[in-house]
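**Student:** Mind docking chain R on chain X? Use the hints.
Chains as they are written, first to last, in our numbering: chain X, 1 to 323; chain R, 324 to 644.
Be aware that one or more of the hints could be misleading.
Simulated crosslink set (DSS-like; lysine-lysine; CA at most 27 Å straight-line) [to be verified]:
| # | chain 1 | residue 1 | chain 2 | residue 2 |
| --- | --- | --- | --- | --- |
| 1 | X | Lys198 | X | Lys180 |
| 2 | X | Lys317 | X | Lys251 |
| 3 | X | Lys42 | X | Lys3 |
| 4 | R | Lys490 | X | Lys42 |
| 5 | X | Lys180 | X | Lys306 |
| 6 | X | Lys264 | X | Lys244 |
| 7 | X | Lys110 | R | Lys383 |
| 8 | R | Lys597 | R | Lys350 |
| 9 | X | Lys306 | X | Lys225 |
| 10 | X | Lys51 | R | Lys383 |
| 11 | R | Lys350 | R | Lys617 |
| 12 | X | Lys51 | R | Lys551 |
| 13 | X | Lys198 | X | Lys317 |
| 14 | X | Lys110 | R | Lys490 |
| 15 | X | Lys110 | R | Lys414 |
| 16 | X | Lys198 | X | Lys244 |
| 17 | R | Lys333 | R | Lys611 |
| 18 | R | Lys625 | R | Lys611 |
| 19 | R | Lys414 | R | Lys350 |
| 20 | X | Lys51 | R | Lys490 |
| 21 | X | Lys3 | X | Lys214 |
It should be emphasised that the hints constitute simulated quantities derived from the structure, not laboratory data.
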Amino acid sequence: MRKISFGEALREALQEEMRRDETVFVLGEDIALHGGDFGVTKGLLDEFGEKRVRDTPISETAIVGLSLGAASVGMRPVAEIMFSDFLGVCMDQILNQVSKMRYMSGGQVKTPVVIRTAFGAGISAGPQHSQSPEAFFVHIPGLQVVMPSTPYDAKGLLKTAIRNDNAVIFFEHKLLYGVKGDVPEQEYLIGFGEADIKRNGTDVTIVATGLMVKEALAAAETLEKDGLTAEVIDPRTLVPLDEKTLINSVKKTGRAVVVHEAWKRSGFGAEIAAMIMEEAMDYLDAPVKRVGGLNVPTPFSPALEKYVVPNENDIVKAVKEIT
Amino acid sequence: MPRLFLTHEKMIELYKNMVTIRRFEEKVSELFAKGAIPGFVHLYIGQEAVAVGVCANLRKEDYIVSTHRGHGHCIAKGANLNKMMAELFGKASGCCKGKGGSMHIADYGSGILGANAIVGANIPIAAGAAFAAKSRGTDQVGVAFFGDGASSTGAFHEGINIAAVWKLPAIFVCENNLYAISTRANRTIPVRNIADKAAAYGIPGVVVDGMDVIAVYDAAHEAVERAKRGEGPTLIECKTYRFCGSFEGDPQLYRSKEEREEWRKRDPLNFGRKLVETGHMTDVELEKIELEIKSTIEEAVKYASESPYPESEEATTDLFA
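Okay, chain X solo, but in the shape it has when bound (with noise of 0.2 Å):
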């Protein structure tokens, strides 16, 4: 099978969903003439011209708010908010409207939204250029959550999130677009509310989420040199949740680490964990564990960065810690 970037996944579904459907649109800060500050969305002004390849001004509460109007009236925006610590900026835009809209008009509208950002560290971008934020947006109701690991999953998904008729927020890691993975050249779609078991093991149940799935799979690595086989879960939408994939998981191994990059206090692992409790208690032989970053800021440099966010090693820490 041909292996093909993260990002070149992505601008294949964008493509892919654009040739498909006339009202798809992509609009955002930079993504025309400069293809996106990550690339992207490189060659789509070209093919598709710039009536639907927009660039933006500096405003993401107008990219939102805009993108929220043409979707109820019948088109099928894609947004790009460069970074994800800029939803702060447009953050009404998605809690009291694009969330809430179909509901307050008692269902009389669709709203097929899609955010692509980019989250996470990694680079050195510091504090506000380097977040996870998804915790704030599985809160909502009304959003759909996406969160791809692989390219496969990144351009399958990316497919059903313009083909929805809800508004998602998909979130992309930084350090994921240049990496590469298998992707089929025929057409497929992932529907929302399928996890992926990116790894089988009887002893310990891992959850993981964005780069995390890499550092767990390493982590699952070590502990087979141990005898412990560990089962690594991708849920690849937050919202909504495979519940029944992990629970089924956890019935057979019994223990669980959910793991995120995003500050551990109140992150979507707190969420999954309780879950996990409610639903498989007579399952479980130790309580679950979360593993998530520090309760700080991500600092710049290097030497700090890389200290603030989880890795192989604390995921194998904590496996042992319940085993």
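**Tutor:** Just chain R, lined up with the frame of chain X:
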């Protein structure tokens, strides 16, 4: 600006629509005081000329995005009074199944893309509806209504700015009623007219007597035509006044009785008297209009009162499509 020629029928329609809004709002005020309407209500009494003058230039397929003070806009744009009243009561037969209430009246089939309770937030949304029209190549326009307070928000700036640079067929209608709840406009707006801010976006900024339905109609007509010609948006500032409090229950300590009485003299509904004086209507016809509207409003109240509340299971529906 030259006065447009308006037909006899059109002028009477303008008057009727203003009276409908006035009587609806008066009834809502009465019902709210009795406890039949929960939550907050922000009434449009005194500002009728703005909604009616603007919406008289719009077709069903044109879009408006309204505000928490939106009953007037929604009525002028053709929302069903029964469903509106039922919505205010929180009944299942409300236009939003009771899930939105007064501040979120919506009727997407009539181009009413929801009333918005976050001040200014509707401005970029209206720009989005206009964007869709332009993308599809139709001649639909998108209108955002907002108040003087909204002109200080980031959303005002971002929404108008993007509509201006992309030359979207949008009309931004500012209803400057001098107060954002209790805060007088001259304490928050550093320029003489909000319309002056249009210069920042390179679009026309028009100041209009918001108590004069014909003046509003003319200004809106020009803005709609400009939008349809592909020349971009217009910012219309209607100088108006709400005769009621910001919300029902507002003690209105921030403005004097004298000021309110001065503005009352310029009641937009005086247009009815003008139509009689100029021979367009007789006193009998004027009275007939009142009776018809009274009956329509009473029917709406009856419809709302007799409708059931939603079942509790409804609380968890309509989240996702």
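**Student:** Please go over all the hints and tell whether each is borne out by the structure.
**Tutor:** Structure-based check of all given hints:
no.	hint	verdict
1	X:Lys198 <-> X:Lys180	16 Å, holds
2	X:Lys317 <-> X:Lys251	22 Å, holds
3	X:Lys42 <-> X:Lys3	19 Å, holds
4	R:Lys490 <-> X:Lys42	25 Å, holds
5	X:Lys180 <-> X:Lys306	23 Å, holds
6	X:Lys264 <-> X:Lys244	24 Å, holds
7	X:Lys110 <-> R:Lys383	19 Å, holds
8	R:Lys597 <-> R:Lys350	25 Å, holds
9	X:Lys306 <-> X:Lys225	25 Å, holds
10	X:Lys51 <-> R:Lys383	26 Å, holds
11	R:Lys350 <-> R:Lys617	9 Å, holds
12	X:Lys51 <-> R:Lys551	18 Å, holds
13	X:Lys198 <-> X:Lys317	20 Å, holds
14	X:Lys110 <-> R:Lys490	26 Å, holds
15	X:Lys110 <-> R:Lys414	22 Å, holds
16	X:Lys198 <-> X:Lys244	16 Å, holds
17	R:Lys333 <-> R:Lys611	17 Å, holds
18	R:Lys625 <-> R:Lys611	21 Å, holds
19	R:Lys414 <-> R:Lys350	17 Å, holds
20	X:Lys51 <-> R:Lys490	12 Å, holds
21	X:Lys3 <-> X:Lys214	17 Å, holds
The structure fails none of the hints (numbered hints given earlier).
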